[in-house]
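Dock chain B against chain A, hints included.
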Amino acid sequence: MKYKLKRQLTEKLIELLLFLAAASSVLITFFIVYTLVTEAFPFFKEVGLRDFLFETEWTPLFENAKYGIAALVSGTLLTTTIALCVALPFGVITAVFLSEYASARVREFTKPLLELLAAVPTVVYGYFAMLLVTPFLQKIFPDLSGFNALSAGLVMGIMIVPYVSSLSEDAMRAVPLSLREGSLALGASKFQTSFRVVIPSAFSGIASAFVLAISRAVGETMVVAIAAGLEPKFGFNPFGPTETLTAYIVQVSQGDLPQGSVGYRTIYVCGIVLLLFTLTFNIIGQTIRHRMEKKVK
Amino acid sequence: MVKNIKAEVKNLTFSYDKAAPRPVLNSVSLPVFENSVTALIGPSGCGKSTLLRCFNRMHDLYGAVKYEGKIILQPSGFDILSNEVDPLEVRMKVGMVFQKPNPFPKSIYENVAYGLRIRGIKKKSYIDDKVEDSLKKAGLWREVNDRLKASASALSGGQQQRLCIARALATEPELLLLDEPTSALDPISTAHIEELVGELKKAVTILMVTHNLHQAGRASDFTAFMYLGDLIEFGESSQVFTNPKEEKTENYITGRFG
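Chains as they are written, first to last, in the numbering used here: chain A, 1 to 297; chain B, 1001 to 1258.
Isolated chain A, as found in the complex (with noise of 0.2 Å):
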């Protein structure tokens, strides 16, 4: 009877243990929210909801401060776009090759290569852009200044090339044998097979690897920070210097602003505009996938 008693007691203990494990992770990302939020609200109490939205131009530390969320959206747009201009074909294709074409021996090699991309320090890829892929770039752009969207976006979508072509390789090796066998044996070639029935079939992976891209870009700080200038400007002009939200989180938290002041606040602000971006990435990339999923099956 104690025996059991005993046994029953550490099953329940157990239990709570790992309950707590998994709702630490749930807590931590409620609390993160959470001090956003209360960080940021009253941010919004001096600065009007409408300037926030509709002002261009962003100088929260300046004496004449303005508070126009849009230029750093728009550099952080700027810079997303020119990456995944970069990422997702290469990604894609890189994918398409490893899966369909390279042989065992081939793929070995390669894949573990290609995800050292991923491995390498962002700050040493921020460098790289600013002191290799900068200069190389104003020989053909004599116009390009030396911090400008255009390559920090570039290396940017190199960095994330092995995330899309990792996880849209697993999902095209995914794709049943028999449909390509169905495919090749209607007289298709490799090359028709693997855009025609394979990339379709494995969408709803690809998708998520764009998804994760995206996340990856909007989020990715460093080589902005250091390759695009830290300078808040409305527009998507690539040649020019920009500033992104994150960059400009960390521009600002180095600083000494004093706790409380409107210009500490708009570090949560931009968190949570950061925050909403991935968030609604996200959502679109579930739903993408949900409704492939359906009709595939």
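Simulated from the structure, these hints should not be mistaken for lab results.
Don't be surprised by glycine CBs; every beta carbon is placed ideally from N, CA and C.
Wrong hints could be hidden among the right ones.
Calculated cross-link-like contacts (lysine-lysine; reagent style DSSO-like; alpha-carbon spacing at most 30 Å) [as the list claims (entries may be wrong)]:
no., chain 1, residue 1, chain 2, residue 2
1, B, LYS1066, A, LYS190
2, A, LYS190, B, LYS1137
3, B, LYS1070, A, LYS190
4, B, LYS1122, A, LYS190
5, B, LYS1123, A, LYS190
Away from chain A, derived, C-beta distances all over 12 Å, residues of chain B [unchecked claim]:
no., residue
6, SER1044
7, PHE1098
8, ARG1142
9, ARG1147
10, GLY1158
11, ILE1188
12, ILE1232
13, GLN1239
Quick look at chain B alone, frame taken from chain A:
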């Protein structure tokens, strides 16, 4: 019954691996008669599927394989196994339907149109006609004509298999290969497909692998019995099933082994 020969297998010896001591097919010779159904039967591992897959060079997809001998398509005299022949060209002439229905994750219409599209055909009216025609031949038109844009995966297994047949027919193959086309289907769908095969032979020559002896007896005009890579007996199905010449054939069809 005098029939033209559509395809002729001549002394075909085949190995998956050049170093293999024993070939999977051992000097097989076999005629395939035009506008008829030829069934390949035999116990597992006898080489019947391997032989079928030689007809569209499917083996070439999986590494270095070795063909000796010929498969000649008539009346052109086109040698399917020739080294100079591009397997893609072969597959343009020879259609195939697999064991398990494998419709593409596309609409019913696009599944049938696929073979035409990869041949670079763009004319919509032509594709429309071909899709309708092929679906009619496959006995599926009445069931799907109001939902051609619906996903193929919404169809039942038997319908999916008929869709795969329609897909293969759309490009007007000279020869249609069926690799155990009903092994994944329920009895009603199976009966449907067998009936269909009887209809289809008016338009296309059919070579079919089957595990089901009753099916071979019911649905085929000619039967080839294979055992361990050898062709043991070939003849009209009525003769092979009622009055086999070889003892091995008799033992197999009476269920003594296999």
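Hint check results:
1. B:LYS1066 with A:LYS190: With Cα atoms ~21 Å apart, LYS1066 of chain B and LYS190 of chain A stay inside 30 Å; holds.
2. A:LYS190 with B:LYS1137: holds (29 Å)
3. B:LYS1070 with A:LYS190: The given pair, whose Cα atoms are some 25 Å apart, holds under the 30 Å limit.
4. B:LYS1122 with A:LYS190: The hint holds at about 20 Å.
5. B:LYS1123 with A:LYS190: holds (24 Å)
6. SER1044: Holds, because the least Cβ-Cβ distance between SER1044 of chain B and chain A comes to about 19 Å, which exceeds 12 Å.
7. PHE1098: Given a closest Cβ separation of 6 Å, the condition is violated.
8. ARG1142: The claim stands: ARG1142 of chain B keeps its Cβ more than 12 Å from every Cβ of chain A (closest is about 24 Å).
9. ARG1147: Non-interface label on ARG1147 of chain B holds, nearest chain A Cβ at 14 Å vs cutoff 12 Å.
10. GLY1158: holds (17 Å)
11. ILE1188: holds (23 Å)
12. ILE1232: Non-interface label stands for ILE1232 of chain B: nearest chain A Cβ at 28 Å, farther than 12 Å.
13. GLN1239: holds (32 Å)
Hint check: a violation occurs at hint 7 only; the rest are consistent with the structure.
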